Every structure is written in C-alpha cells, then in structure tokens.
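J.: This is what each chain is made of:
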Amino acid sequence: MQKSLYITSNGRLRRHENTLYFEMGDEKKAIDIENVEQIHIFGEVDLNTKALNYISQYGIVLHFYNYYGFYTGSFLPRKKNVSGDVVVRQALHYLDREKRIFLAYCFVESAVYHMMRNLRERKEAEDFLVAIENEWERGRFNISNITELMGLEGRIRNIYYQSFNQFLPEDFSMEKREKRPPTNPINALISFGNSLIYSHTLSQIYQTQLDPSISFLHEPSEKRFSLSLDISEIFKPLIVDTVIFKLLNNHQLKLEHFDEDLNYCYLNQEGKKIFLKEFQNKLETTVRHRQLNRNVSYKGFIRLECYKLIKHFIGDQVYSPLKAWW
Amino acid sequence: MFVIVTYDINEKRVNKVRKILKKYFTWVQNSVFEGEITLGKLEKCKRELLSVIEKDEDSVYFYEMEYKLVCNKKILGQEKNYDSVII
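Listed in order, the protein sequences are those of chains A and B. Residue numbering for the first sequence follows the numbering used here, beginning at 1 and increasing consecutively. Residue numbering for the second sequence follows the numbering used here, beginning at 1 and increasing consecutively.
Calculated directly from the structure, the hints in this document are not laboratory data. Honestly, I wouldn't trust all of these hints.
Stated by the list, open to error - List of simulated lysine-lysine pairs, PhoX-like, C-alpha gap at most 25 Å: (1) B:Lys19 <-> A:Lys3; (2) A:Lys3 <-> B:Lys41; (3) A:Lys3 <-> A:Lys273; (4) B:Lys41 <-> A:Lys29; (5) A:Lys3 <-> B:Lys46; (6) A:Lys29 <-> B:Lys44; (7) A:Lys3 <-> B:Lys44; (8) A:Lys80 <-> B:Lys41; (9) A:Lys323 <-> A:Lys99; (10) B:Lys68 <-> A:Lys277.
Computed from a predicted model, the values in this text were never measured in an experiment.
Taking the hints into account, I'd like the entire structure generated from these sequences.
T.: Below, the structure written as structure tokens:
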C-alpha cells in the first residue's frame with residue numbers, strides 16, 4: 001500500500017541521489033519515494049522547487065498544517081486523472097435541487113448512522129442514543145432544503161458530543177464543541193482529527209476524476225475544497241472519533257500532551273505523534289468487503305466513496321453511502 | 001508484499017544500484033534493503049537494476065514474502081527504526 005508520511009520535526013526536504021531526503025541537522029533520513037502517496041507536514045520544513053518538481057513527478061500530494069495543527073493548504077501536482085465529462089455531470093447534480101438534496105441527505109444519513117454506531121456499544125450513552133434516534137426520525141422526513149438538513153445535522157452532532165462526557169475520562173470532559181480556537185483538550189483532539197481526515201479525503205479525491213470544489217452538503221462557494229468536507233462527514237465518526245475514544249480510554253493521551261493557555265488548547269508535538277500513529281493504524285486497518293470480496297482498508301473506503309459518487313454522476317448506479325456493517 | 005534485498009556488486013557500479021534501491025525500499029544495513037512494495041513496483045525496480053548491473057559479475061538477491069508477518073523478523077542489538085511513517 002502507498003504510505004502516508006507525517007513530518008512533525010523541523011528540517012529540510014531535499015532531492016538527493018534521485019530520491020527524497022529529510023534532513024534534521026546532522027541526521028538524514030532517506031524516504032522511499034516510490035511508495036509514498038502523500039506527505040503531511042506539521043513541523044517547520046524547508047523545501048525548494050527542485051524537491052517540489054521531483055515530488056510532482058510521482059504525483060505525491062503535500063499537505064501543510066500550521067503550528068497548531070490546523071490545515072493550511074495542499075500542494076497538488078498537475079492532475080493526471082481529469083475527465084471533463086465527469087465534472088460536468090457532477091455540476092449538473094449540484095444544479096438540480098432534488099438531486100443535490102439527495103446527495104446531501106446521503107452524507108448526513110451515513111454520518112448519523114456512524115455516530116449511532118459509536119454510541120451503541122456504550123451503556124452509559126444509551127439516553128443520548130435514544131435522543132439522537134428521536135431527533136433523526138422526527139427530522140429526516142421534513143427536509144425541504146439544505147439549510148434545514150444542516151440544522152438537523154448540527155442538532156444531532158450536539159447531542160452526540162454531549163454524550164462524550166459519559167464515557168470519556170473526567171479530565172477530558174467537554175461542555176460544548178468549540179473551534180477556532182479549541183479551548184479544551186477534547187475539542188483540540190476533534191479539531192486536529194477533523195483537519196487530518198479532511199486532507200486525507202482530499203488526497204483520495206485527487207486520485208479520482210472528481211472535482212473537489214463542487215460539493216452538495218456544504219456550499220461550493222466556501223473557497224475551499226468542499227467536496228472533501230462532504231465526504232469527510234461520513235468518516236469523522238468512523239475514524240476520528242474512534243481513535244479519540246481509544247487513545248483517551250486507554251490513557252495513552254494524557255493532559256500533559258496538551259499545551260494550554262488562557263483561551264486555547266492544542267496538542268503538543270509528543271501528543272501529535274501519538275495521535276498520528278494511532279490514526280495511521282486505523283487508516284490501514286482492513287475489513288473484508290462483501291461485494292468486492294477482498295480486504296479494504298479504511299483509507300480504501302474513502303476512495304471507494306469517490307468511485308461510488310462517480311458511478312452515481314454518470315448514471316451507472318445510484319449512490320448509497322457507506323454504512324459500516326462490521 | 002514484503003521484500004528483503006541484498007546485493008553484492010562491483011565497486012564501480014555499487015552506488016548506482018544503491019541509488020535505485022533507495023527509491024523503493026528502506027535501507028536497513030550495509031547492502032541490505034527491505035520494505036513493502038507492490039508487484040508492479042517491484043518489477044519496475046528489477047528492470048531498472050538490470051540496466052545497470054553486469055550479469056556475469058554482480059548479484060542481487062530478492063527474498064519475496066507475500067505478507068510482512070510471514071517474515072517473523074527478530075533483532076539482536078540495535079534496531080534502526082528507519083521505516084516509521086512519522087518523522
């Protein structure tokens with residue numbers, strides 16, 4: 001499998017001897033460039049066009065994050081998989097109100113399904129599970145536009161985050177979800193995980209013919225690659241949240257892994273490493289796919305969602321979002 | 001698949017071989033590389049090597065395993081953690 005590389009240290013990426021090197025002071029590390037799919041850069045890294053040119057030859061996507069672990073942007077090499085036909089059809093699905101709501105609904109449905117799946121295993125969260133179910137059953141049939149759908153999703157997500165307090169260690173209790181900046185450890189973790197899944201999804205979209213800026217649930221005018229936000233919705237509860245639960249409940253991440261100040265809270269470098277390791281493990285975990293009859297990793301499932309969308313756009317097969325069956 | 005590569009090459013060409021292998025595998029010891037690789041990439045790597053080595057003088061060994069787990073690698077002394085994806 002093509003691997004993702006995470007750079008948390010400071011140093012320099014260099015093209016040398018026809019491969020990529022990462023240099024930290026005197027220490028040099030060779031990177032087997034043929035096996036790299038994407039590089040995530042969290043540290044202070046220098047690189048020059050010589051390196052970029054070489055990276056783009058291999059179609060490697062670079063993702064940059066700022067000091068606090070927020071997504072800054074990506075370097076996407078010249079795209080090799082382009083298809084005007086798919087993009088036009090994708091746009092048509094956005095323009096048609098009915099078709100757009102269908103897709104947006106699919107994303108939310110799958111997200112809610114995975115949220116409920118997370119809570120189902122936990123006795124402490126039973127009340128919240130019932131509350132989410134009620135909210136969903138009540139709201140899902142009265143949706144007439146995207147804003148209402150977003151509202152419903154927001155309300156469900158609120159209940160979902162509230163339930164975290166029931167089964168996570170006391171140190172990591174959360175009053176409410178806060179972004180920009182996150183003010184407590186659990187919010188910091190969710191933000192960090194979400195920006196990771198966002199860029200991973202973007203990498204997968206990049207490998208397909210889809211246009212990452214035409215989205216359905218989120219508005220495409222957000223000046224972002226919003227299709228990646230749409231697809232991430234499905235995988236946030238499935239990947240990010242389960243990683244957080246595991247790390248906190250096994251006490252792998254402790255309060256000492258966070259930098260806290262008056263009005264913000266972020267993972268420090270040690271914490272980021274722990275999180276990234278677990279996150280990467282999760283992405284590489286494989287599940288037997290029932291139709292394909294082979295093992296598919298969580299990362300592979302993100303790619304499969306893209307392919308399902310393309311099939312939907314060209315009128316081959318109606319899109320049905322992923323619902324984890326395992 | 002998981003592959004271990006060892007080589008014995010005339011000094012004149014050894015650097016060329018090393019540079020090719022470095023693109024595909026992680027360097028673990030002098031003249032030893034290892035790493036996970038796809039069948040296609042492995043074939044590509046072998047082709048590149050063939051264009052460099054002298055067949056009657058040099059040798060490159062590929063130990064190919066279907067899964068990494070089959071390899072059951074044990075280490076005495078220092079483990080050099082070269083293949084970590086987090087730097």
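J.: Which of the listed hints are not met by the structure?
T.: none
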